Amino acid sequence: MKNPLDSRWGTVICGFILTAVLYYIARWIVATHTGAAS
Amino acid sequence: MWGDPIMRWFHVLAGVMWIGLLYFFNFVNAESVKEATAAGEAGPISKYIMPRALAFFRYAAVLTWIFGAGLLSQPALTHNGVNGFVAAFTLGLLPDQGAMAPIGIGAWLGTIMMINVWGPIWQNQKKILGIKPATDEEKAKARRVAFLASRVNTLLSIPMLFFMVTGPLTQGQGIYH
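Going down the list, the protein sequences come from chains S and C.
In terms of our numbering, the first sequence has 16 at position 16, counting the first letter as 1, and numbering is strictly consecutive.
Start counting at 1 in the second sequence, then tack on 1000, and there's your number in our numbering.
Pulled out of the complex, with its shape left as it was, chain S reads as follows (with noise of 0.2 Å):
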């Protein structure tokens, strides 16, 4: 398989993909730690 990072497209859609993921990450704790939930 080849590696994206060889890849100018590869790498900005690794980087679009890896916001999609950080984001739910960061909604779960702003959810999760924030007021009466934490």
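Hints are computed from structural coordinates only; laboratory data are not their basis.
Source: prediction; values computed, not measured.
Glycine residues also receive a C-beta, built at the ideal position from the N, C-alpha and C atoms.
Treat the hints with caution; some may be incorrect.
Label-pair restraints from in silico Cβ distances [unchecked claim]:
hint	chain 1	residue 1	chain 2	residue 2	range
1	S	D6	C	W1002	42 to 50 Å
2	S	W28	C	P1044	48 to 56 Å
3	S	M1	C	V1145	27 to 35 Å
4	C	F1089	S	N3	44 to 52 Å
5	C	L1094	S	A20	40 to 48 Å
6	S	A20	C	N1083	26 to 34 Å
7	C	K1047	S	R8	34 to 42 Å
Only pairs whose alpha carbons sit at most 25 Å apart, straight line, appear in this in silico DSS-like list of lysine-lysine [claimed, not checked]:
hint	chain 1	residue 1	chain 2	residue 2
8	C	K1034	S	K2
9	C	K1139	C	K1047
10	C	K1034	C	K1126
11	C	K1141	S	K2
12	C	K1139	C	K1126
13	S	K2	C	K1047
14	C	K1126	C	K1141
15	C	K1047	C	K1034
16	C	K1047	C	K1132
Chain C stretches covered by chain S per the calculated footprint, using a threshold of three residues with CB under 8 Å from any CB of chain S [claimed, not checked]:
hint	region
17	1085-1094
18	1098-1107
19	1144-1152
20	1155-1165
Fit chain C to the given chain S structure using the hints.
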């Protein structure tokens, strides 16, 4: 009163310099060097452009981090006795610190990128540019490692910038609720 805006201003100024050069290296320079090397004309790029560009790149990375750390450490961000810097770097997982999770993820990504700049990228670029003695085989390996490390930073810059613009405690945080 002026501390926050001044630090924010310099954080962004240094950040534009850093990420601007990162995108120059990845989206412009890498292909240009490949073509120039094939034409036997890459010498001036390595001799005149890269050392200067890498110096601005390295120091802009450090300054961005320092101003970012200053912004996080402000007393105004201390909540329930926990300093904002600590809350961010513990990813908002301390009790009632959840609001610091988004900027904390951004801060960690920026920190990993800054370490990447001074570690794998710069240590290997020194061999490629002849600042540190290396055999042709070592230079070839250094070129690959520096390239991949730079691409990792390009990848990480995408979520890092997302969390930098949505993470601070402003209206942008609405997307996390």
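Hints, one by one, checked against the model:
1. Remark: the range hint 42 to 50 Å for S:D6 to C:W1002 is upheld by a beta-carbon distance near 46 Å.
2. Distance hint check for S:W28 and C:P1044: the Cβ-Cβ separation is about 51 Å, which falls inside the suggested range of 48 to 56 Å.
3. Taking the beta carbon of each, S:M1 and C:V1145 are about 20 Å apart, not inside 27 to 35 Å as hinted.
4. Distance hint check: the CB atoms of C:F1089 and S:N3 are about 30 Å apart, inconsistent with the given range 44 to 52 Å.
5. Remark: the range hint 40 to 48 Å for C:L1094 to S:A20 is contradicted by a beta-carbon distance near 25 Å.
6. Between S:A20 and C:N1083 the beta carbons are some 30 Å apart, a value that agrees with the proposed interval 26 to 34 Å.
7. Evaluation of the 34 to 42 Å hint for C:K1047 and S:R8 yields a failure: the beta carbon distance comes to about 26 Å.
8. Our distance criterion of 25 Å between C-alpha atoms is met by C:K1034 and S:K2, whose separation comes to about 19 Å.
9. For the hint pairing C:K1139 with C:K1047, the CA-to-CA distance comes to about 16 Å; that is within 25 Å, so the pair holds.
10. A threshold of 25 Å between alpha carbons decides the hint, and for C:K1034 with C:K1126 the separation of about 19 Å falls inside it, so the pair holds.
11. For the suggested pair C:K1141 and S:K2, the alpha carbons sit about 18 Å apart, so the restraint of at most 25 Å is met.
12. Restraint check: the Cα-Cα separation between C:K1139 and C:K1126 comes to about 9 Å, which is no more than 25 Å; the hinted pair holds.
13. Of the pairs offered as hints, the one joining S:K2 and C:K1047 is violated, with about 32 Å between alpha carbons and a cut-off of 25 Å exceeded.
14. Proximity of C:K1126 to C:K1141 is assessed by CA-CA distance (about 12 Å); at most 25 Å being required, the pair is judged to hold.
15. Straight-line distance between C-alpha atoms of C:K1047 and C:K1034 comes to about 15 Å, which keeps the hinted pair within the 25 Å bound.
16. Between C:K1047 and C:K1132, the direct Cα distance comes to roughly 14 Å. Compliance with the 25 Å bound is thereby established for this hinted pair.
17. With a cut-off of 8 Å between beta carbons, the region 1085-1094 of chain C has 4 residues touching chain S; three or more are needed, and the interface restraint holds.
18. Counting residues of the region 1098-1107 of chain C whose C-beta sits closer than 8 Å to any C-beta of chain S gives 5, which meets the bar of three, so the coverage hint holds.
19. A count of 3 residues in the region 1144-1152 of chain C with a Cβ less than 8 Å from any Cβ of chain S is obtained; the coverage claim is therefore met, three being the minimum.
20. Coverage of a stretch by a chain is defined here by at least three residues with a beta carbon nearer than 8 Å to that chain's beta carbons; for the region 1155-1165 of chain C and chain S the count is 7, and the condition holds.
Of the numbered hints listed earlier, those contradicted by the structure are 3, 4, 5, 7, 13.
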